Amino acid sequence: MKDQKILVVDDEKNIRLSLSQALAPLGWPVETAVNGEEALGKLDDQSILLIILDLRMPGMDGIEVLRRVSELRPDIRVIIVTAYGTVERAVEAMKLGAVDLIQKPFSPEQIRDLTQQVLARDQLNEDKAADYQTHLELAKKAVGERNFKGALSHAQKAIALDPYRAEAFNLVGCLHEVLHQREDAIKNYRMAYEADPSYAPARENLDRLTSHGGRGPISWESAGKQRKDDK
Amino acid sequence: MKVIIVGGGKVVYFLAKVFISKGYQPVIIDQDKDECLWLSQELKAVVLNGDGSRPVLLEEAGAREAIAVLAVTPRDQDNLVVCQLASKMFEVERTLALVNDPENQEVFHRLGVSVAFSTTHIMATLIEQQAGLEEVVNLLPVAQGKMTVTEVLLHQGLPSVGRSMQELDMPSGSLIGAIIRGDKVTVPRGPDRLQDGDRLLLISTPESYGPALRCLMGKEV
Amino acid sequence: MGICRQTTKRRQVNRVMAKSLFIVVVGCGRLGSLLANGLSGQGHSVVVIDRRAEAFDDLSAEFSGFKVVGDAVESETLRKARAADADCLIAAAEEDNVNLMVAQVAKDVFQVKWVIARVAEPARELAYRQLNIETVSPTSLAGDYVLRSLAQDK
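Residue numbers (the numbering used here), protein chains in the order written: chain R, 1 to 231; chain P, 1 to 221; chain Z, 1 to 154.
No lab work stands behind these hints, which were simulated from the structure alone.
Treat the hints with caution; some may be incorrect.
To be verified - Using 25 Å as the maximum straight-line C-alpha spacing, the simulated BS3-like pairs for lysine-lysine come out as follows:
| hint | chain 1 | residue 1 | chain 2 | residue 2 |
| --- | --- | --- | --- | --- |
| 1 | P | Lys88 | Z | Lys113 |
| 2 | Z | Lys107 | P | Lys88 |
| 3 | R | Lys13 | Z | Lys19 |
It should be emphasised that the depicted structure is a prediction, and the values quoted were computed from it without experimental measurement.
Chain R on its own, in the form it takes in the complex:
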């Protein structure tokens, strides 16, 4: 058994169970909390290494919990659990240093992989960074440290290494949003979408920024069909 812990925060019992069981093979002891208040009460525990946090909970909202965690224990890494199709709060979470999101329902392998990926980041060596994935990981590490400019620089290095992949463009887009550079954000989401139209986050982000009042995206292909009731 390792001496550091993972804290799972979710109001739903089945999700707490599911996460605890999925994480068990990794060897870190898992603690659980049923709401934000209980989770914050456990922050004095210095051995907490990572929090897996559901954004939607009754009582204290997940983002509020994240805000407190980032004030009280900026060293803790946080993985955000979201419901299907909710991307709008990703930028809010990123401002608070949380860059890793997982959508429900997820498989045990997915949460294990993500957990290991997040925890491996701290050991990454900047000097030896040479490939796309490492730069991307370094960018995410920098977000965890609220170093958004540094994150931008690493993500751009990743893009330079492989401009045909969507993930780094999408991350750059999110970072621009965090830095209130809306136009640049849209540009990068568009690049991400063009690099890989099947990469869902880029499409969702693009839709979110370019649609108006929930009326859906402006899409050139279907511009003739988009006319409807919006007069």
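Using the hints provided, position chains P and Z relative to the given structure of chain R.
Just chains P and Z, lined up with the frame of chain R:
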């Protein structure tokens, strides 16, 4: 010629009437007992009471000799099963289904239904065509209203019809992003000429919106 | 480098859990909840769908899967349940037609390899076997059982 209609309500009543007037013999299968009574009094048609997605009932309705089966219940799953049973078990050639979730239109085609129609889709298309009759349709304000995308329909007699992009002299802060001609969409270049019936995608700032429209239509709309 | 070591380890961990399947159960009625509880208890990753949130009350306290509220005949609901990633989908709703439709959509649209549908009416079941949908009919099972035990008693 026998046609089987599975469903209920006024839709079934009027559908059956249309078929009768055209010389078909409709057979109705309806779950609602009272409605069945009413339908059999009102129509010269065979009306069966029961679940049309049960093979027994389809057989009783004469599915073997039917030329078509229509499933118009408010439940997509029932409409699909009715059509599939009709074609797989009774070799009915044409099956038609109403789909409530528009996404199921494509799903039904994939699963072998000959015609799947979605009222949502049909209504949306109608509204769309209606909207197309007007000259200007405001599409979307974008970037917090700093830009507007507008669709403009051109007809004979407007000052811009017959002129090329170069000759148009659109005000700064505006741009014709696309010409929609029939079902073809082009991004216009200098020598391209506008035609009667073209639909334009006009992109403009709020300030140049009026001048741009004047340039195209000769008036402010 | 850190990442490489982690990858090997990750593979080992996943191999230990390799027998765990991702299973979508449609309908959380008597059969659906029984299956969801049982499969979750066996260590599989389970997503259960039902139109009514109250239906999930029948899940056991040990159920460790996901719950999705929605009508499974709408593709959007199946997407929410990540049906495209499922190893197996069991259509166990109360209505035969829901199961028959969902099973086909899962197979043809979401490309789920292994699909089972509960069909109560034997005549319908027969028709759908021909469509390569694996069906289970509680009615036929019970009927066969009774007939067999009667035959043995003779």
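### Message
Please verify whether Lys107/Z and Lys88/P have alpha carbons no more than 25 Å apart.
### Response
With Cα atoms ~18 Å apart, Lys107/Z and Lys88/P stay inside 25 Å; holds.
### Task
Below or equal to 25 Å on CA atoms is what counts here, so check Lys88/P against Lys113/Z.
23 Å, holds
### Query
Are Lys13/R and Lys19/Z close enough, with their CA atoms no more than 25 Å apart?
24 Å, holds
Of the hints listed earlier, there is not a single one the structure fails to meet.
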